[in-house]
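Chemist: Here is how the chains run, residue by residue.
There are 2 protein chains.
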Amino acid sequence: MGLATFEATANIAVAKYWGKRDEKLILPKEGSLSFTMDDQLKTRTSVLFSPALKEDEFWLNGKKMDMADKDTAERLQQIEIIRQKAGIKDKAKIVSLNCFPTAAGFASSAAGLAALACAASKAAGLDLSTEELSILARLGSGSACRSVLGGFVEWKKGIKPDGSDSYAEQIAPASRWPELRNVIAIGDSGKKKVSSRAGMKQTVATSALYPARLAYMPKLITDMKAAVAAKDFAKFGELTMRESSNMHAVMLDTWPPIMYLNDVSKRIIYAVHDYNAAAGGIVAAYTFDAGPNAHVYTTEERVPALRKMLSEIEGVEKTMVCKVGEGPKQLKEGHLLSPDGTVLKHRFDEASGKIIIE
Amino acid sequence: MGLATFEATANIAVAKYWGKRDEKLILPKEGSLSFTMDDQLKTRTSVLFSPALKEDEFWLNGKKMDMADKDTAERLQQIEIIRQKAGIKDKAKIVSLNCFPTAAGFASSAAGLAALACAASKAAGLDLSTEELSILARLGSGSACRSVLGGFVEWKKGIKPDGSDSYAEQIAPASRWPELRNVIAIGDSGKKKVSSRAGMKQTVATSALYPARLAYMPKLITDMKAAVAAKDFAKFGELTMRESSNMHAVMLDTWPPIMYLNDVSKRIIYAVHDYNAAAGGIVAAYTFDAGPNAHVYTTEERVPALRKMLSEIEGVEKTMVCKVGEGPKQLKEGHLLSPDGTVLKHRFDEASGKIIIE
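Residue numbers (our numbering), protein chains in the order written: chain U, 3 to 360; chain A, 3 to 360.
There's no promise every hint is true.
If several chains are the same, the list does not tell them apart, and a pair holds so long as it fits within one copy or across any two.
[What the hints assert, rightly or not] Computed cross-link-like contacts, BS3-like style, restricted to lysine-lysine with a CA-CA straight-line distance of at most 30 Å:
no.: 1; residue 1: K56; residue 2: K227
no.: 2; residue 1: K325; residue 2: K158
no.: 3; residue 1: K87; residue 2: K72
no.: 4; residue 1: K31; residue 2: K72
If you are wondering where the hints come from, they were derived from the structure by calculation, not from laboratory data.
Can you make the complete structure from the sequences, with help from the hints?
Modeler: Here it is in structure tokens:
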């Protein structure tokens, strides 16, 4: 094989991952649930394994990264595992491009690490199961393990110390609930004060409330899966909003406190409650990750009114609407590097949503 | 007696009251700790019991209140109990004036209900213990039970269904830690979205994290009392800040969420952490109640620098500095009504800090 290119997309959790039981293997304290998004929030990654390469190289968004950087090395630990699985010693050249709205503060690591697992394993000549791909992606970024699948996805926490049973499974394909939408309200994308990785570690170590979060999650996951299976939006929405607040509550209870919600988030929260009250039931449900954007799940017919409402909130800079996506896909053309290892000049053209390769 | 006038002051909790086990008797789920403030945050209350009065009357800040209002009636339930204790049937006239900075969003009910308990019982000819006064004040507003005492005060939760063991005790007089200060950063005083009374009821009913808060509080109270006894500011400060965040976390985890912290609060929180980092240890400690103001405990020598730092934060409108206060005091003059039941014309002159009676 040698060269392979995949695209994978972000996922937005409704039962959230916040806390590891193993830092090195990235094993979570509890399971989580998410919807994989469509390709408006995607990463394209090309990987080449070749005996002609002298060292591993990683290019992200057109820039060559420092492989000696600890964070970069941790994120790429799957490459060595793939070499072992494939029985090869070739060095790898990885070229990855995040195709997300500019400066909108989206977490791109899930899409990026999922695309890397797919592309690198294929480039190494492996044909892995989604479980194996999910585990590889997890080693780079926990929530990435959910982006190797489309639709409604569960990351099973697993119980084995080696993490071999901690991977994602598809609970329902995107077609199960085709009218589901995620209206994203993009706000101030000032740099986060605390990285997720450092933040969740602090929460586990210091929050007096965190054990109660862990105790509540198994039932949340069971109830959320039942609500999605029944396409019961009111139930799904209430669980989604309560879960978002629960996670941000344990973040706040962390020492020192971690605070991602701001006045814009508060206005969105109040506005969604008002919107639901006016609708006579829960028809829209916010969820906030460790970043500045609000994700408001709703159904297709509500999108125009909800989008208008959200776009009028002070501090909301723009909105976009995502569908649930199908998961990673392999590309036969549009590689970001050539088989001889040359990095092709490439960029994401936000206006057209296309990647331009020269 | 007939007529009595008392002043009582606000208290600012460091181990906070959030949640009742009995709504009618206002019995808390857990104990709490506070410092009573000096008379910059005071209420003056005059009470007359007289056979000449035809009905109970309550004047607050110069306005006659509607005694049929449910909230007013609940807050004044101690008057009937005082009549029973005193064996009298006279109607009462109550005149109360809050002497707080204008529109600064301070909760005045603790000072008001404590002053009422002291003035009404004295006016009825009773000479009650602080335990009895504390219980009377508690029936009007839970945290008021702590304002019948000065210094560092504990509200013991008690275990009896009738609430007879749920009252405040002084743990240390104001003189125990004379250099302690509360630098108050006054911010936007937009009306609260949810009253404390309704909010804490929702938290008890809906928060998945709340049981963990209750489990953590007994040790917090023990540790906080030890830190104050040792005048160990670093320990006291850390416990104070963590406790504030813990309470606001369970508020956020309430359904629907209760959010008092805003972007100004966040800036203050970060600034205090930065200030402590620069000082090489914890020398200032924020605590936030169900309102817009930040209370930053520190010691006397830190006040000028801390006050300057806080006053420069965007959204902080003004600052003030309180000492720990001595508790309620009876006034021999300055009554807000005359023995014949005439309400005297009175107002709080904020510039001089004095009450003007014409």
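Chemist: For every hint, state whether the structure bears it out.
Modeler: Checked hints:
1. In the homo-oligomer, the alpha carbons of K56 and K227 never lie at most 30 Å apart, since the shortest distance is 48 Å inside one protomer and 64 Å across protomers.
2. Within a single copy, K325 and K158 get their C-alpha atoms as close as 24 Å, which meets the 30 Å cut-off; across copies the closest is 54 Å, which misses it.
3. For a Cα distance limit of 30 Å, the shortest separation of K87 from K72 inside one copy, 23 Å, qualifies, whereas the shortest one across copies, 73 Å, does not.
4. In this assembly of identical chains, K31 and K72 lie within 30 Å of each other by CA distance solely inside one copy; the values are 24 Å within and 47 Å between copies.
Checked against the numbered hints above, the structure violates only hint 1.
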